[in-house]
Amino acid sequence: MKARITITLKPGVLDPQGKAIEGALHALGFGSVDGVRQGKYIEVEVAESDPARASAEIERMCEQLLANTIIENYAYELDAA
Amino acid sequence: MKASVIVFPGSNCDRDAAVVLKSVMGHAPAMVWHGDSELPKSDLIVLPGGFSYGDYLRSGAMAAHSPVMREVVSRARAGTPVLGICNGFQVLTEAGLLPGVLMRNATLRFICKDVLLKVERNDTGFARHYQEGEVVRFPVANKDGSYFADDATLDRLEGENRVAFRYCDASGAVTADANTNGSCRNIAGIYNKTGTVLGLMPHPERLADAALSGTDGTKMFASLVEAIH
Numbered sequence: 001m002k003a004r005i006t007i008t009l010k011p012g013v014l015d016p017q018g019k020a021i022e023g024a025l026h027a028l029g030f031g032s033v034d035g036v037r038q039g040k041y042i043e044v045e046v047a048e049s050d051p052a053r054a055s056a057e058i059e060r061m062c063e064q065l066l067a068n069t070i071i072e073n074y075a076y077e078l079d080a081a
Numbered sequence: 001m002k003a004s005v006i007v008f009p010g011s012n013c014d015r016d017a018a019v020v021l022k023s024v025m026g027h028a029p030a031m032v033w034h035g036d037s038e039l040p041k042s043d044l045i046v047l048p049g050g051f052s053y054g055d056y057l058r059s060g061a062m063a064a065h066s067p068v069m070r071e072v073v074s075r076a077r078a079g080t081p082v083l084g085i086c087n088g089f090q091v092l093t094e095a096g097l098l099p100g101v102l103m104r105n106a107t108l109r110f111i112c113k114d115v116l117l118k119v120e121r122n123d124t125g126f127a128r129h130y131q132e133g134e135v136v137r138f139p140v141a142n143k144d145g146s147y148f149a150d151d152a153t154l155d156r157l158e159g160e161n162r163v164a165f166r167y168c169d170a171s172g173a174v175t176a177d178a179n180t181n182g183s184c185r186n187i188a189g190i191y192n193k194t195g196t197v198l199g200l201m202p203h204p205e206r207l208a209d210a211a212l213s214g215t216d217g218t219k220m221f222a223s224l225v226e227a228i229h
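Taken in sequence, the protein lines are chains Y and U. In this text, residue positions in the first sequence follow the working numbering: the first is 1, and each later residue adds one. In this text, residue positions in the second sequence follow the working numbering: the first is 1, and each later residue adds one.
In short, the hints are calculated from the structure, not lab data. Only a predicted model underlies this, so the values are computations on that prediction, with no experimental measurement involved. Be aware that one or more of the hints could be misleading.
[Claimed, not checked] Simulated crosslink set (DSS-like; lysine-lysine; CA at most 25 Å straight-line):
no., chain 1, residue 1, chain 2, residue 2
1, U, Lys41, U, Lys22
2, U, Lys2, U, Lys41
3, U, Lys41, Y, Lys10
4, Y, Lys19, U, Lys143
5, Y, Lys40, U, Lys113
6, U, Lys41, U, Lys193
7, U, Lys143, U, Lys113
8, U, Lys22, U, Lys2
9, Y, Lys19, Y, Lys40
[Claimed, not checked] From chain U, some residues computed to sit far from chain Y (all C-beta separations above 10 Å):
no., residue
10, Pro9
11, Ala18
12, Ala30
13, Glu94
14, Cys112
15, Asp150
16, Thr180
17, Gly214
Glycine is no exception: its CB is placed at the ideal position from the N, C-alpha and C atoms.
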């Protein structure tokens with residue numbers, strides 16, 4: 001199964017990269033931009049066909065390494081592919 | 001006294017740490033490859049600066065799970081002094097030995113210059129050769145040096161007197177201008193609860209030779225030698 005993992009900064013955590021991107025979008029004329037937060041996207045292939053077991057594995061990976069839960073939240077979707 | 005310097009792929013201050021340790025101890029420390037699962041008997045463990053694993057994922061995240069780190073964490077919990085400098089500080093937070101996290105500098109710039117630090121306490125093995133409130137000069141060289149923790153954690157750190165150094169001006173005033181990387185409450189370094197694990201972003205080992213224009217950093221290593229003996 002493939003897990004598509006999205007890691008985002010928690011609300012309130014300063015994101016200078018997001019701020020810089022927001023500034024650049026404004027400079028390009030995208031005046032409607034009202035906030036940018038930058039995160040990470042990670043795809044992990046797991047040799048596991050049971051979705052419940054795959055989910056449990058992915059959560060442990062996120063907790064132990066892929067996300068730093070002091071500053072980041074994570075979410076994921078599983079594909080059977 | 002026996003010291004060990006852990007060498008990760010991408011460490012680049014391991015030799016600097018070894019040179020200053022040799023100068024204060026009179027003999028060279030052990031250089032321990034991160035992939036080793038055995039760590040020699042050590043009275044001091046140093047996690048050096050650098051860019052372990054190319055700072056992939058998050059600075060220090062991968063190194064924190066290197067084979068040797070299991071032993072480092074267990075020795076640290078048993079009371080062996082551990083000093084994490086720059087990337088070493090990032091590794092200590094990722095390994096859970098120190099709270100908080102080091103984030104991208106507020107300016108988004110790599111900051112490479114000497115900074116002034118206020119010594120917050122001198123009753124630890126790392127700081128006995130400093131005066132409380134003394135202003136010292138150490139170099140910084142990092143892009144992910146902005147210390148972050150939530151307010152409850154910061155209050156706890158301050159309540160337990162665990163802030164080691166703060167960015168300050170020449171008079172020792174802890175100002176926003178002196179805080180070039182945007183660290184919470186100007187924090188440059190912190191201790192664990194027992195004062196035996198220190199993580200700091202600035203580099204004491206890089207200002208430890210009069211020929212390199214200063215020796216403020218030497219005092220930290222000399223303090224450790226005296227405390228451990």
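Each hint tested on the structure:
1. U:Lys41 <-> U:Lys22: 17 Å, holds
2. U:Lys2 <-> U:Lys41: Satisfied, since the Cα-Cα distance of roughly 7 Å is no more than 25 Å.
3. U:Lys41 <-> Y:Lys10: 41 Å, violated
4. Y:Lys19 <-> U:Lys143: Holds. Y:Lys19 to U:Lys143 sits at ~16 Å (cutoff 25 Å).
5. Y:Lys40 <-> U:Lys113: 30 Å, violated
6. U:Lys41 <-> U:Lys193: 23 Å, holds
7. U:Lys143 <-> U:Lys113: Given that 25 Å is the threshold and the Cα spacing comes to 12 Å, the pair holds.
8. U:Lys22 <-> U:Lys2: Within the cut-off at roughly 10 Å; holds.
9. Y:Lys19 <-> Y:Lys40: 16 Å, holds
10. Pro9: At roughly 17 Å from the nearest Cβ of chain Y, U:Pro9 sits farther out than 10 Å, so the non-interface label holds.
11. Ala18: Holds, because the least Cβ-Cβ distance between U:Ala18 and chain Y comes to about 29 Å, which exceeds 10 Å.
12. Ala30: 28 Å, holds
13. Glu94: 7 Å, violated
14. Cys112: The assertion about U:Cys112 holds, with a minimum of 18 Å to chain Y.
15. Asp150: 8 Å, violated
16. Thr180: Correct as stated: the minimum Cβ-Cβ distance to chain Y is 13 Å, above 10 Å.
17. Gly214: 30 Å, holds
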